[in-house]
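Chemist: Go ahead and model the full structure; you've got the sequences and the hints to work with.
Protein sequences appear in the order of chains D and L.
Sequential numbering from 931 applies to the first sequence in this note's numbering.
Sequential numbering from 931 applies to the second sequence in this note's numbering.
Don't read these hints as lab results, they were simulated from the structure.
The structure presented is a predicted model; accordingly, all values stated were derived computationally and were not measured.
Take the hints with a grain of salt, since some may be wrong.
You can't tell identical chains apart in this list, so a pair holds if it fits in one copy or across any two.
Pairs of lysine to aspartate or glutamate, DMTMM-like flavour, derived with a Cα cap of 25 angstroms [claimed, not checked]: (1) Lys1078 x Glu1091; (2) Lys1118 x Glu1090; (3) Lys1078 x Asp1054.
What follows is each chain in one-letter form.
Protein chains: 2
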Amino acid sequence: MTYSSADFPPFAVTVDLTILTIRRNRLCLMLITRGEEPFRGDLALPGGFVRADESIDDAASRELLEETGLALFDGHIEQLATYGSPDRDPRMRVVSVAYVAFAPNLPDPVAGTDAAEAMWIEVDDLPSEMAFDHREMVDDALERVRSKLEYSTLATEFVEETFTMRDLQTVYETVWGTTWDRANFRRKVLATPDFVRPVVGRTASTGSRGRHAQLYRAGSATALHPPMLRA
Amino acid sequence: MTYSSADFPPFAVTVDLTILTIRRNRLCLMLITRGEEPFRGDLALPGGFVRADESIDDAASRELLEETGLALFDGHIEQLATYGSPDRDPRMRVVSVAYVAFAPNLPDPVAGTDAAEAMWIEVDDLPSEMAFDHREMVDDALERVRSKLEYSTLATEFVEETFTMRDLQTVYETVWGTTWDRANFRRKVLATPDFVRPVVGRTASTGSRGRHAQLYRAGSATALHPPMLRA
DNA sequence: TCAAAAGTGTTGAACATACACCCATGT
DNA sequence: ACATGGGTGTATGTTCAACACTTTTGA
Chain D
931 MTYSSADFPP FAVTVDLTIL TIRRNRLCLM LITRGEEPFR GDLALPGGFV
981 RADESIDDAA SRELLEETGL ALFDGHIEQL ATYGSPDRDP RMRVVSVAYV
1031 AFAPNLPDPV AGTDAAEAMW IEVDDLPSEM AFDHREMVDD ALERVRSKLE
1081 YSTLATEFVE ETFTMRDLQT VYETVWGTTW DRANFRRKVL ATPDFVRPVV
1131 GRTASTGSRG RHAQLYRAGS ATALHPPMLR A
Chain L
931 MTYSSADFPP FAVTVDLTIL TIRRNRLCLM LITRGEEPFR GDLALPGGFV
981 RADESIDDAA SRELLEETGL ALFDGHIEQL ATYGSPDRDP RMRVVSVAYV
1031 AFAPNLPDPV AGTDAAEAMW IEVDDLPSEM AFDHREMVDD ALERVRSKLE
1081 YSTLATEFVE ETFTMRDLQT VYETVWGTTW DRANFRRKVL ATPDFVRPVV
1131 GRTASTGSRG RHAQLYRAGS ATALHPPMLR A
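Modeler: Encoded structure:
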């Protein structure tokens, strides 16, 4: 079959966002409560229609800002997968492109914005039933993020601009539910060239009781060879 | 923004296929020559419109059979990514969901079928210009397949149902352009539980001159821990 | 001075690499 | 018999996991 400029079935195209952050040492996910049918009252991923003149990536970025209420998002966003069963939306034929986004310390949803009905839910406390096929999207997103921790430097997207080795270790332990030997974790991170860069002359000076930790910034490396092990 | 059942912009949705196989120890890709505008005469990925009543995955499988001319495809197909720049098709707004498929020994395109204008191109011999954004899709597909070899048992999809260790090694060497020590490759494969299963009592009896190799089938393992190294 | 947290050292086990050697088969 | 390719053994170097130890800081 080849392209033809006539006689194609029309689809609506939406984006849906799985926005992940770590709050109080727990992996959390932004969900909204649907205010209208279908699935009124169910939890759903934030999202919306792709406009006629914007790219899908642009639509995802736009929705991300609208939903978080941020003026600028300094985390990471990437496309996850596209979902297009004929009956996934009972009203019409909708194809949805799902995205995953990560950032540290995202704020609580603020009343009076588009994010008013949004909330943070711990991923260990998700409802089994969600609107549309959003539960499937969430499972795929969690699989993606857990997998990417192993082979990429994604973990640095979950911490602030400067961070300690302990902060980074906590990301792995939170997302994977594992524990690591402190010394071996440090050596593994430092063994990857330019995974992290020490911030010269600065140490964490918060009210911590012990020795102040060296601060690091994310380096330019993206792939991990060898990968972090999932214990 | 929330869903609304009115006033959404209409999109055409297509699937595009990156079909990979190994022929004469070279990684090859199926391309077609476009017979109409736009991009008439350029090389393009096979693909077509998603129908009104089929899922996107079903559309990809349907196109795969049509393009290869096979009655049944026993390889592997998976979704790659979705491409939706507003101007990627000059005629209208088209969102395309790209898929990657792998199989051993796919036949030459046969005249008289939909695949008549299709051909196999070695990936080292690709044109820099392709129709639409198909060159970008191909680059993403190659990155995906090379990466998946490391962390998954995907390599078994490129060989016949039964295969020798040497066959499997050739897949890695062809896709990655590396060489391996025979003995160490074998030990690495066998170290992953149920990566491959020996076929009892059977050995390759083709006209090979040396000792007959043990035959294996793909096992049920999907992930590789530890991963194959990319040298 | 003590507790807490960061950072370093060390040791035995596991693994990877390179290569030598033996085995089975067709000519 | 011997060339050819499959399969196994092994010595050496490297990395990994566990945990003991030292350093720095706040109270």
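Chemist: Now tell me, hint by hint, if it's right for this structure.
Modeler: Verification of the supplied hints:
1. Lys1078 x Glu1091: Answer is within: at 20 angstroms inside a copy they meet the 25 angstroms cutoff, but 31 angstroms across does not.
2. Lys1118 x Glu1090: within (20 angstroms within a copy, 39 angstroms between copies)
3. Lys1078 x Asp1054: within (19 angstroms within a copy, 28 angstroms between copies)
In summary, the structure agrees with every hint in the numbered list given earlier.
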